[in-house]
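Asker: As a plain string of letters, each chain reads:
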Amino acid sequence: MADKKVNIKIDGKDYQVEQGLSILKACQAAGIIIPTICYLEGISEEAACSICVVEVKNAKTLMRSCVTKVTEGMEIMTNTERVRKARKMNLELLLAGHPKDCFVCDRNQTCELRRIAYEMGIREVRFPKTVKLEMEIDSSSPSILRDPNKCILCRRCISVCEKVQSVSAIDTAKRGKLSKVTTFMDRGLGNVVCVNCGQCLLVCPTGALVENNEIAGVWKALADPKKFVVVETAPAVRASIGEEFGMAPGNLVTGKMAASLRRLGFDRVFDTQFSADLTIMEEGHELIDRIKNKGVLPLITSCSPGWIKFAEHFYPKALAHVSSCKSPQQMFGAVAKTYYAQKFNLDPRNVTVVSIMPCVAKKFEAKRPEMDSAFEFWKDKMSLKESEHFPDVDFVLTTREAARMIKEAGIDFVNLSDENFDEPLGISTGAAVIFGATGGVMEAALRTAYEVLTGKTLEKIDFEAVRGLQGIKTAEVDIDGMKVKVAVANSLSNARVLLEEVQAGKSPYAFIEIMTCPGGCIGGGGQPIPTDTAVRQKRMEAIYREDKNKPLRKSHQNPAVAELYKEFLGSPLGEKSHHLLHTHYHERAMV
Amino acid sequence: MSVAQSQLPREKELDKVILKFQDKPGLLLGILEEIQNLNPQKYLPIEVLEYVSQKTDIPLSRIYSVVTFYAFFNLKPQGKHSIIICRGTACHTRRSKNLLEYLKTMLNLQEDESQEGEKLFLTTADNKFTLRTVACFGQCALAPVVEIDGKIYSHMTENKLKEIVKRVAAGRKL
Numbered sequence: 001m002a003d004k005k006v007n008i009k010i011d012g013k014d015y016q017v018e019q020g021l022s023i024l025k026a027c028q029a030a031g032i033i034i035p036t037i038c039y040l041e042g043i044s045e046e047a048a049c050s051i052c053v054v055e056v057k058n059a060k061t062l063m064r065s066c067v068t069k070v071t072e073g074m075e076i077m078t079n080t081e082r083v084r085k086a087r088k089m090n091l092e093l094l095l096a097g098h099p100k101d102c103f104v105c106d107r108n109q110t111c112e113l114r115r116i117a118y119e120m121g122i123r124e125v126r127f128p129k130t131v132k133l134e135m136e137i138d139s140s141s142p143s144i145l146r147d148p149n150k151c152i153l154c155r156r157c158i159s160v161c162e163k164v165q166s167v168s169a170i171d172t173a174k175r176g177k178l179s180k181v182t183t184f185m186d187r188g189l190g191n192v193v194c195v196n197c198g199q200c201l202l203v204c205p206t207g208a209l210v211e212n213n214e215i216a217g218v219w220k221a222l223a224d225p226k227k228f229v230v231v232e233t234a235p236a237v238r239a240s241i242g243e244e245f246g247m248a249p250g251n252l253v254t255g256k257m258a259a260s261l262r263r264l265g266f267d268r269v270f271d272t273q274f275s276a277d278l279t280i281m282e283e284g285h286e287l288i289d290r291i292k293n294k295g296v297l298p299l300i301t302s303c304s305p306g307w308i309k310f311a312e313h314f315y316p317k318a319l320a321h322v323s324s325c326k327s328p329q330q331m332f333g334a335v336a337k338t339y340y341a342q343k344f345n346l347d348p349r350n351v352t353v354v355s356i357m358p359c360v361a362k363k364f365e366a367k368r369p370e371m372d373s374a375f376e377f378w379k380d381k382m383s384l385k386e387s388e389h390f391p392d393v394d395f396v397l398t399t400r401e402a403a404r405m406i407k408e409a410g411i412d413f414v415n416l417s418d419e420n421f422d423e424p425l426g427i428s429t430g431a432a433v434i435f436g437a438t439g440g441v442m443e444a445a446l447r448t449a450y451e452v453l454t455g456k457t458l459e460k461i462d463f464e465a466v467r468g469l470q471g472i473k474t475a476e477v478d479i480d481g482m483k484v485k486v487a488v489a490n491s492l493s494n495a496r497v498l499l500e501e502v503q504a505g506k507s508p509y510a511f512i513e514i515m516t517c518p519g520g521c522i523g524g525g526g527q528p529i530p531t532d533t534a535v536r537q538k539r540m541e542a543i544y545r546e547d548k549n550k551p552l553r554k555s556h557q558n559p560a561v562a563e564l565y566k567e568f569l570g571s572p573l574g575e576k577s578h579h580l581l582h583t584h585y586h587e588r589a590m591v
Numbered sequence: 592m593s594v595a596q597s598q599l600p601r602e603k604e605l606d607k608v609i610l611k612f613q614d615k616p617g618l619l620l621g622i623l624e625e626i627q628n629l630n631p632q633k634y635l636p637i638e639v640l641e642y643v644s645q646k647t648d649i650p651l652s653r654i655y656s657v658v659t660f661y662a663f664f665n666l667k668p669q670g671k672h673s674i675i676i677c678r679g680t681a682c683h684t685r686r687s688k689n690l691l692e693y694l695k696t697m698l699n700l701q702e703d704e705s706q707e708g709e710k711l712f713l714t715t716a717d718n719k720f721t722l723r724t725v726a727c728f729g730q731c732a733l734a735p736v737v738e739i740d741g742k743i744y745s746h747m748t749e750n751k752l753k754e755i756v757k758r759v760a761a762g763r764k765l
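In order, the protein sequence lines correspond to chains A and B.
Under this note's numbering, the first residue of the first sequence is numbered 1, with each subsequent residue one higher.
Under this note's numbering, the first residue of the second sequence is numbered 592, with each subsequent residue one higher.
Incorrect hints may appear among the rest.
What the hints assert, rightly or not - Each computed DSS-like pair below joins lysine-lysine, with the alpha-carbon atoms no more than 25 Å apart:
hint, chain 1, residue 1, chain 2, residue 2
1, A, K174, B, K633
2, A, K174, B, K646
3, B, K688, A, K132
4, B, K615, A, K177
5, A, K163, B, K751
6, A, K226, A, K367
7, A, K566, A, K100
8, A, K177, B, K751
9, B, K667, A, K317
10, A, K379, A, K407
11, A, K100, A, K226
12, A, K5, A, K88
13, A, K25, A, K69
14, B, K751, A, K506
15, A, K174, B, K667
16, B, K607, A, K174
17, B, K688, B, K607
18, A, K163, B, K646
19, A, K177, A, K85
20, B, K751, A, K180
21, B, K671, B, K615
22, A, K13, A, K69
23, A, K343, A, K566
Hints are computed from structural coordinates only; laboratory data are not their basis.
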């Protein structure tokens, strides 16, 4: 279709815009702000909220600008008495059924409904709540808490779950005033195909969807003198947590983050990037082993717990392709409570591991029953009773939760001087930083696999082809004459494309990286709100900046990881690694 | 329950229905309607919904959405006979509420308080009758109207209702 132009008038001014454009987009291009709630560019056009109405000359009713297309000669008015009144009334009706307890709401500072109510000049609540029914809060998921009473039925969560993630764990049910967003048979998010990615929670305009808050447990551990509390921070957090304190997206705040966590009272401030390097050592050798010994290929990365649960539900036949490596979060927990505890004479029962993640699926991952390798390691050696059972990772905080704790403690984050991580579990390379962006694990693995396989130094270590926000990226890598095809997918609807090939036995690739969230961890469900494409781009740039600035940029150069192998693990894929750093998956029903 | 289980549509029958609607627009509604009609108790058991989802690749959340949106679909077994009282405006002004209360007493049915706000759905202990309400049949000129086993009765009174229900219960033709 040729991009035909049409002539329209917006608020009395003439514009020439592309045919087929929505009124909303035409207005945005003209610099006019139209308030929206249910609209989400490219994902959700449900026309559910009726806040975006405008007046169109000769039209009988007001039009929803998000779904009405411009036509030749259209005269649009966005700021008439009629428009303002209608928008206000529609908003007031939405507000009528919404709880008024904003000051105890998780989304207090980031609620779109609250912001729009303010911007549209709502200063009194005229309509009482009509639906008296108190709906049950869904706390079945270890990752996500859903309060249907706060839901305004905008359907953004449903759209993102269906279109971006192709999971469709939720939909509306019932009709009229009983309408609600729910799971099949109201079973709850913890009992259905939900993969805990938390993208729904990023797009929720209210506090209806929030992470399962673990802050109280962390405060308690920090206050307990018996506990040796260590914290690990995921790569993507340093590229985003500044936003929670008013800093612009893309600010890299590694040093401030380490300093603030130390002030919170953690006994050691460590880095998940240490175990990201460790992951590359294990996964890189797994890849090399499978290539050399004609094992199951393609090998698929296993760092992203949303993807793992997705595979267990939707692609059980592809599970043999998934790397047996635990994620960096879990490798860290297992190492901290075995190697580190042993080295520094700590009772593993008193070591508390807190992780700070851009992710809500990590909460689920930490609670998987098989994630207790440290307990298994010590059980016989220390004659531990089952009642003393402890997980490898005790608490998982999102970027947002960590920021809330820092605020609660009165720490002036923005003006803190940079500090370093503690040694040895705080030492990392540039290869570990880029785990935070889509394509990063692939690039990190290639840097190491190349040098291990060839014994030569990799000259050009930037694999540009696997970087960027595109949904699927592919590349062919020349490893000393051997051509290795690789692919990278972010978001699960994109992952499906690669997985269909894998399941059909037609995948041309040797190695595939899958990240659950759009953009990878920088766009994770635990990240600051808002997280949109522009913000993701900025965070991604910060990640690659950090990589560039690191003196060491290949995982196998990490001296602390080398020491860990020398003193404790032996060699990659060795017996100790097998017990502590690798795991297994199981098929889950499609419920 | 063992009787009910054995009355569930068999996989073969389900497959036939699913195949019939394959690739047609709005296939889910057609499939669910036909499958519910195959069930003597006129409802959609969870296992059947799971089977349909598996065969059609339609997510369970979507199926639940459709089943709970349309009043036609049932998630619980229906009594042998169905009585639907219209509670629309016209029928309401012609005292359809009295008919409802009368039937509840006559059939010894009690409303579950926890189901407040949900659509009324009551089945007698002997599974003979299911009593439901509907928002409007579109037969307002004949108010109040009651549907019994698919047939609409107009200008209903308590006495007429009593007679019809007795005849239905005795298995006599109407």
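Asker: With reference to the structure, classify each hint as holding or not holding.
Answerer: Tested hints:
Between the alpha carbons of K174/A and K633/B the distance comes to roughly 19 Å, so the proposed pair stays at or under 25 Å and holds. Our distance criterion of 25 Å between C-alpha atoms is met by K174/A and K646/B, whose separation comes to about 24 Å. Between K688/B and K132/A, the direct Cα distance comes to roughly 22 Å. Compliance with the 25 Å bound is thereby established for this hinted pair. About 31 Å separates the Cα atoms of K615/B and K177/A, which puts this hinted pair outside 25 Å; it is violated.
Restraint check: the Cα-Cα separation between K163/A and K751/B comes to about 54 Å, which exceeds 25 Å; the hinted pair is violated. At roughly 23 Å between alpha-carbon atoms, K226/A and K367/A fall within 25 Å of each other, so this suggested pair holds. Among the hinted pairs, K566/A with K100/A is inconsistent with the structure: their alpha-carbon atoms are about 59 Å apart, more than 25 Å. Distance check on the hinted pair: K177/A and K751/B sit about 34 Å apart at the alpha-carbon level, beyond 25 Å; violated.
Taking the CA atoms of K667/B and K317/A, the gap is about 35 Å. The hint is violated against a cut of 25 Å. Note on K379/A and K407/A: the hinted pairing is violated, with a Cα-Cα distance of about 39 Å set against a maximum of 25 Å. Distance restraint check for K100/A and K226/A: the Cα-Cα separation of roughly 41 Å exceeds the 25 Å cut-off, and the hinted pair is therefore not satisfied. Distance check on the hinted pair: K5/A and K88/A sit about 33 Å apart at the alpha-carbon level, beyond 25 Å; violated.
Pair hint K25/A plus K69/A holds up; C-alpha atoms about 9 Å apart against a cutoff of 25 Å. For the suggested pair K751/B and K506/A, the alpha carbons sit about 70 Å apart, so the restraint of at most 25 Å is broken. A hinted pair counts as satisfied when its Cα atoms are at most 25 Å apart, and K174/A with K667/B qualifies at roughly 15 Å. For the hint linking K607/B to K174/A, the alpha-carbon distance of about 28 Å lies beyond 25 Å, and the restraint is violated.
Proposed proximity of K688/B and K607/B is contradicted: the alpha carbons are some 42 Å apart, above 25 Å. For the hint pairing K163/A with K646/B, the CA-to-CA distance comes to about 21 Å; that is within 25 Å, so the pair holds. Annotation: proposed proximity of K177/A to K85/A holds, straight-line Cα distance about 24 Å (limit 25 Å). The straight-line distance between the Cα atoms of K751/B and K180/A is roughly 39 Å, outside the 25 Å bound, and the hint therefore fails.
The hinted pair formed by K671/B and K615/B fails the criterion: a straight-line CA distance of about 32 Å is larger than 25 Å. This hinted pair checks out: K13/A and K69/A have alpha carbons roughly 18 Å apart, not beyond 25 Å. As the CA atoms of K343/A and K566/A are separated by approximately 13 Å, the hinted pair is consistent with the 25 Å bound.
The structure fails hints 4, 5, 7, 8, 9, 10, 11, 12, 14, 16, 17, 20, 21 (numbered hints given earlier, in ascending order).
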